[in-house]
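Trainee: What follows is the residue order along each chain.
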Amino acid sequence: MAKPLLEIKDMYVWFKVFGGILKVLDGVNFIVYPGEKVGLVGEMGCGKTTTMKAIMRILPMPPAVIPRGEILFKGQDILKMKQVKLQHLRKKEISMIFQDPTAALNPVFTIGTQLQDTIRFAEKSGKNTEKEGIRTRAIQVLKEVSLPDPERVLQNYPLQLSGGMRQRVCISMALVSTNELLIADEPGTSLDVTIKDQILRLLKELAEKRNTSIILISHALGAVRGMTDRLYVMYAGSMVEVAKTKELFAHPLHPYSQGLLAATPRLTGGGIGEGIDGRIPEYINPPTGCRFHPRCKQAMPICKDKKPPFFKVGKDHEVACFLFQNHR
Amino acid sequence: MQKDSRRKEGLFRKWEDIRRYWYKFSRNSLSIIGLVVVCIILFAAIFAPYISPYPKSAGKFINFYEASQPPNSAHLCGTDVFGRDVLTRVFFGYRFSLMMGIVVLALVVPVGVALGLIAGYYRGSWLDTIIMRITDIFVAVPPLILALAVCSVLTPGIFHAMMAVSLMWWPWYTRMVYGIASSLKGEFFVQAAEVGGASRGHILFKEILPNCIAPIFTKMSLDMGWVILIGASLSFVGLGVQPPTPDLGSMVADGSKYLPDQWWIAVFPAFAIMLVVLAFNLLGDGIRDMLGAKGG
Amino acid sequence: MIILTNNILTIEQLKKHFVTRQGIVKAVDGISFSVKEGETFGLVGESGSGKSTVAYTVIGMYKPTKGKVLYRGKNISQESKKRSQALKKEIRIVFQDPGTSLNPARSIRQILELPLKIHNLSRNHKDIVNKIEELLKMVQLPVDYIYKYPLMIGGGEKQMVAIARALATNPSFVLLDEPTSALDVSVQAKIINMLIQFQKKFNLSYLFITHDLSLMRNVASRVAIMYLGKICEIAPASEFFKNPLHPYTQMLLSSISVISDEEEALKPKKIISKGEIPSPVNVPPGCSFHLRCPNKMDICSREDPVMVEVSKGHTVRCHLYTNTHV
Chain A
1 MAKPLLEIKD
11 MYVWFKVFGG
21 ILKVLDGVNF
31 IVYPGEKVGL
41 VGEMGCGKTT
51 TMKAIMRILP
61 MPPAVIPRGE
71 ILFKGQDILK
81 MKQVKLQHLR
91 KKEISMIFQD
101 PTAALNPVFT
111 IGTQLQDTIR
121 FAEKSGKNTE
131 KEGIRTRAIQ
141 VLKEVSLPDP
151 ERVLQNYPLQ
161 LSGGMRQRVC
171 ISMALVSTNE
181 LLIADEPGTS
191 LDVTIKDQIL
201 RLLKELAEKR
211 NTSIILISHA
221 LGAVRGMTDR
231 LYVMYAGSMV
241 EVAKTKELFA
251 HPLHPYSQGL
261 LAATPRLTGG
271 GIGEGIDGRI
281 PEYINPPTGC
291 RFHPRCKQAM
301 PICKDKKPPF
311 FKVGKDHEVA
321 CFLFQNHR
Chain B
329 MQKDSRRKEG
339 LFRKWEDIRR
349 YWYKFSRNSL
359 SIIGLVVVCI
369 ILFAAIFAPY
379 ISPYPKSAGK
389 FINFYEASQP
399 PNSAHLCGTD
409 VFGRDVLTRV
419 FFGYRFSLMM
429 GIVVLALVVP
439 VGVALGLIAG
449 YYRGSWLDTI
459 IMRITDIFVA
469 VPPLILALAV
479 CSVLTPGIFH
489 AMMAVSLMWW
499 PWYTRMVYGI
509 ASSLKGEFFV
519 QAAEVGGASR
529 GHILFKEILP
539 NCIAPIFTKM
549 SLDMGWVILI
559 GASLSFVGLG
569 VQPPTPDLGS
579 MVADGSKYLP
589 DQWWIAVFPA
599 FAIMLVVLAF
609 NLLGDGIRDM
619 LGAKGG
Chain C
625 MIILTNNILT
635 IEQLKKHFVT
645 RQGIVKAVDG
655 ISFSVKEGET
665 FGLVGESGSG
675 KSTVAYTVIG
685 MYKPTKGKVL
695 YRGKNISQES
705 KKRSQALKKE
715 IRIVFQDPGT
725 SLNPARSIRQ
735 ILELPLKIHN
745 LSRNHKDIVN
755 KIEELLKMVQ
765 LPVDYIYKYP
775 LMIGGGEKQM
785 VAIARALATN
795 PSFVLLDEPT
805 SALDVSVQAK
815 IINMLIQFQK
825 KFNLSYLFIT
835 HDLSLMRNVA
845 SRVAIMYLGK
855 ICEIAPASEF
865 FKNPLHPYTQ
875 MLLSSISVIS
885 DEEEALKPKK
895 IISKGEIPSP
905 VNVPPGCSFH
915 LRCPNKMDIC
925 SREDPVMVEV
935 SKGHTVRCHL
945 YTNTHV
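Heads up: the sequence lines are chains A, B and C, in that order.
If you read the first sequence in our numbering, its first letter stands for residue 1, the second for the next number, and so on.
If you read the second sequence in our numbering, its first letter stands for residue 329, the second for the next number, and so on.
If you read the third sequence in our numbering, its first letter stands for residue 625, the second for the next number, and so on.
Same shape as in the complex, but just chain A:
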């Protein structure tokens, strides 16, 4: 297989707070291949956003510390990068779309100002810096995200646009520079169902057209199903299962993935599964071994003592659960 575009190797992230250390990320392993659409699913507080912020190096440090691990982007460790290199990375290679488009746009500047600044910033080193060129480029990217009447949008302030339009503007800003990797953190969650559907379809189309890799983060399984090639399930600071999306929905193996699927309400009706008892552990004193074992109905003695590594159970399908340690 091709060389990974992004690879997180055994990364830990801690936060120092009152009463001790929040051990949030606990050995994250995560790979994105070029041109791949990867989903990352997990519940609130499982560390999805922390992982992504670590990739962008926008974690506030302190209180955050990264005691171990590396994030390799095209073979280079992002965590050790110099500021100049990092600027280039954020400008040209990786960008992020946030959940709440309202918070991501500055309310006192017009869309035009913000978008053109982004373009100028991204292309500072290159040609194409004259005013007209930038404006044309701005209109062009707005067209790309299917915003009607881009000339007018350029003159509008963020609050004059609807939530869906604002999210499109955010996507367009990300598109200005990104050629390699787009991180979308719950891109439609704050929007309505019909709008969310439009945004997700747009993202997918754009990624396929430009051959950009996407990491799509979501707390809901439904959103990633039609969107991604491969899917990671995360629980309490580490990945518990990874497989091709279709495979994972058809044969979820980790008890947590199974519980999550069972708890999701279905259009076919027939009631909702039980859900998973308990809640995400406190990170100051997380459970030993597998962090899921206190909530797991199939927990074994070993789960308490040892943290399960990934066990390979099929082509591209790995599970971090001792139930599968003797598989094949």
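Certain hints may be false.
[Unchecked claim] Mimicking DSSO-like on lysine-lysine, the simulated pairs with C-alpha atoms at most 27 Å apart in a straight line are: (1) 893/C to 209/A; (2) 891/C to 244/A; (3) 143/A to 898/C; (4) 761/C to 687/C; (5) 772/C to 23/A; (6) 3/A to 23/A.
To be clear, the hints were calculated from the coordinates, so they are not data collected in a lab.
Mind docking chains B and C on chain A? Use the hints.
Mentor: What follows is chains B and C alone, placed relative to chain A:
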């Protein structure tokens, strides 16, 4: 038995709360300094007759043999032109400063807060309009100027000074609480209490007021410094505490005549004013950090 | 006169308009439906559809501009301060975001003892503590939570406290305003199952408001879809998902992201979502959906369609069906 364990559990939780508050408060070392200094000043003021080296110096006391001595081992801060110990008079001076601050705040806070709560909760009604327009009028007059006017028309004295300052001070609490209360009014927890049948008194004082406590306490601590400063200013121009009662403001005023040769007479009281104002400000910052958010 | 129906709540031609600087916002504009004793009636819509306004009018946070709210045949179209305490005990509400519906400055104990005190449901101090502990046990929370403050517990747990607060007065009718939309699916499953269980145990009727159609399929017996202050379609839940009639309903259904192929098969294929909800200040003339509608006809921009019953219990408000059936 069960009841007993329940009480113990409750006490334990209280203790946990206190520890959490202390943690948040103590994260800024400046707030601890503020707290310590405030405690020392309070102690010095309360026990001034017992701990000050020359308690007699507080009153009508003249000893020309020891007049105008610079700081030395017998008089740590020197003596003034009448031979009174400056340190002792600073201790006694704190009594009036603090009393002024406490009395003014005790008058001002309940009135200001209650009016603010009512106006905020009934936002948009005639009650809101009346309360807030009156507030606007009072806010427009600077408290120091009014206190000067009142004290010069009536007899100069600490009582009139306190009344004048109080009259001008409550609107700031009303305005602050009004802002918080009128925004909390739309919160779902207030709505929930309302549609659940809770009385207005309950909503105002048990639902909204606890959420205003943090800014009120912070402001009180900051204001303590301000009021003390105003009291000192009044005494400085001779309209506050009347001699021979020691007051920091009048001590600075008297001492300033002998500057720069006998600098200690004015400088130590001035420094004392600065210290108490600064300490209350630092304490206020600490209180704000501490009450910022429950939980966490 | 005694009205003999088994409807616990009836809403007749309810209108709620707000006067704002931009103009009149018709948040709810003439809707009628009724909730039967012991059932869960689902009200679905996107943001700005006015679904929450309906709930707030029923609970008494707003006074209706026009129309009636009847509870057990009695007109209750007034604000909460004019309502009797007995009525406030009967109709309770659970709000969407437990983070803002629980006072951060009050402990769980204080939150839960309030309804008990208001409605004189306990005789003395000891009784109150016992009742609170019972309530916490009922929603499966540890008893020592009475000492905690809302910020110290998880979102799901907060919502359980909010549910306990609503049920503390033994109500008959509970408004659930998106009770799980701020929560994770595993927590949602737990809370929904708990709500269903309470409904059976205490014979509760629910008005369940949500934007999540998949969830609605699993909890509601009848469903109404709202768009810009009006109801587009009302049908029994099973019928509704098998045979959606209104183009907006079809668009909603086709937009849902699902997790299995069986569900995918249920989604209408031809309709792709487009456009956004217009601002409720400037509602388009005629049928308010015509700007986004794939089946738009000439008449749609001129005349607002009326509700027609297509089959028993299944009504829809769309010109596509008026022409053929009238």
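Trainee: Decide if the proposed pair is consistent with the structure: residue 772/C and residue 23/A, CA atoms, cutoff 27 Å inclusive.
Mentor: holds (23 Å)
Trainee: For residue 891/C and residue 244/A, compute the direct alpha-carbon distance and say whether it is at most 27 Å.
Mentor: Roughly 24 Å separates the two Cα atoms, so the pair holds.
Trainee: Are residue 893/C and residue 209/A close enough, with their CA atoms no more than 27 Å apart?
Mentor: holds (24 Å)
Trainee: Holds or violated: residue 3/A and residue 23/A, Cα atoms, limit 27 Å.
Mentor: violated (30 Å)
Trainee: Is the hinted pair residue 143/A and residue 898/C satisfied, with a Cα-Cα distance of at most 27 Å?
Mentor: Cα-Cα ~16 Å, so holds.
Trainee: Can the restraint linking residue 761/C and residue 687/C be considered satisfied, given a maximum Cα separation of 27 Å?
Mentor: It is violated: about 36 Å lies between the C-alpha atoms, which goes past 27 Å.
The structure does not agree with the numbered hints 4, 6 stated previously, though it agrees with the rest.
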